[in-house]
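K.L.:
Sequence:
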Amino acid sequence: MPAEAVPAEPAAKRSPRPSGRDTYTPESLLAVAVEVFIERGYDGTSMEHLSRAAGISKSSIYHHVRGKEELLRRATARALDGLFAVLAEPAARRGRAVERLEHVIRRTAEVLLAELPYVTLLLRVRGNTRTERWALERRREFDRRVAALLREAVAEGDLRADLDARLATRLLFGMINSVVEWYRPQPDVPSDASSGSPDGERITETVVRLAFEGLRR
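Per the UniProt record's numbering, the very first residue in the sequence shown carries number 1; after that it's consecutive.
Each hint should be verified, as a subset may be incorrect.
Here are the simulated distance ranges between beta carbons [unchecked claim]:
#1 Pro26 to Glu48: 15 to 21 Å
#2 Ala77 to Leu210: 25 to 31 Å
#3 Glu48 to Leu163: 28 to 34 Å
#4 His63 to Ala161: 53 to 59 Å
#5 Arg93 to Arg184: 18 to 24 Å
In case anyone wonders, no lab produced these hints; they're calculated from the structure.
Built from N, CA and C at the ideal position, the CB exists for glycine as well.
Throw the hints in and build the complete structure from the sequences for me.
P.N.:
Here it is in structure tokens:
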């Protein structure tokens, strides 16, 4: 892990936002809301903040959603649905457990990078609302299913038996999830050894190699 996390840029500097109700869709409104939630924290965000960030009136926001908690629900559901979809993929359901586990870890890292703002928000919920508690429970369920897969791989003799499966799962996801604190996608910038921001494929393969070179017998 790096010595210090790179601070996120203010939402207003990251990307231009459309102005006017006619240019907004539920999807684009959600993207703006996620930026503001990450920047200000969910509890610190009001509908007024969302209105100013989006450049539309509060009544226009209510045209799309019932309130900010619905936006939080949609955003965290997008991240969680991506993670649970990994468990349903054929490569995560067939074959030796260690091969399925490696597939899940690789794809989890890919989902994180593909849905970076949404996963970042998911990792920052604290359980203060019904939606946050729902999101936390789904995260725990995902972790439990991965831990069960890891225990299965140990039982088949492919992974080290001297590791606690639950702890190993937490450490694996701790490594993967730390990416949200420092990775900043840089479109149109070559991603090589000298680049300040490695590309997603290189990050994913490094995560898998670090994890499985330590886990395999």
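K.L.:
All the hints need checking, so say for each whether the structure fits it.
P.N.:
Taking the hints in turn, this is what the structure says about them:
Taken as a hint, the range 15 to 21 Å holds for the pair proline 26 and glutamate 48, whose Cβ atoms sit roughly 20 Å apart. Between alanine 77 and leucine 210 the beta carbons are some 30 Å apart, a value that agrees with the proposed interval 25 to 31 Å. The supplied range of 28 to 34 Å is broken by glutamate 48 and leucine 163, whose beta-carbon atoms lie about 49 Å from each other. Distance hint for histidine 63 and alanine 161: a CB-CB separation of about 57 Å, consistent with the stated range 53 to 59 Å.
For the pair arginine 93 and arginine 184, the beta carbons lie near 34 Å from each other, so the given range of 18 to 24 Å is not met.
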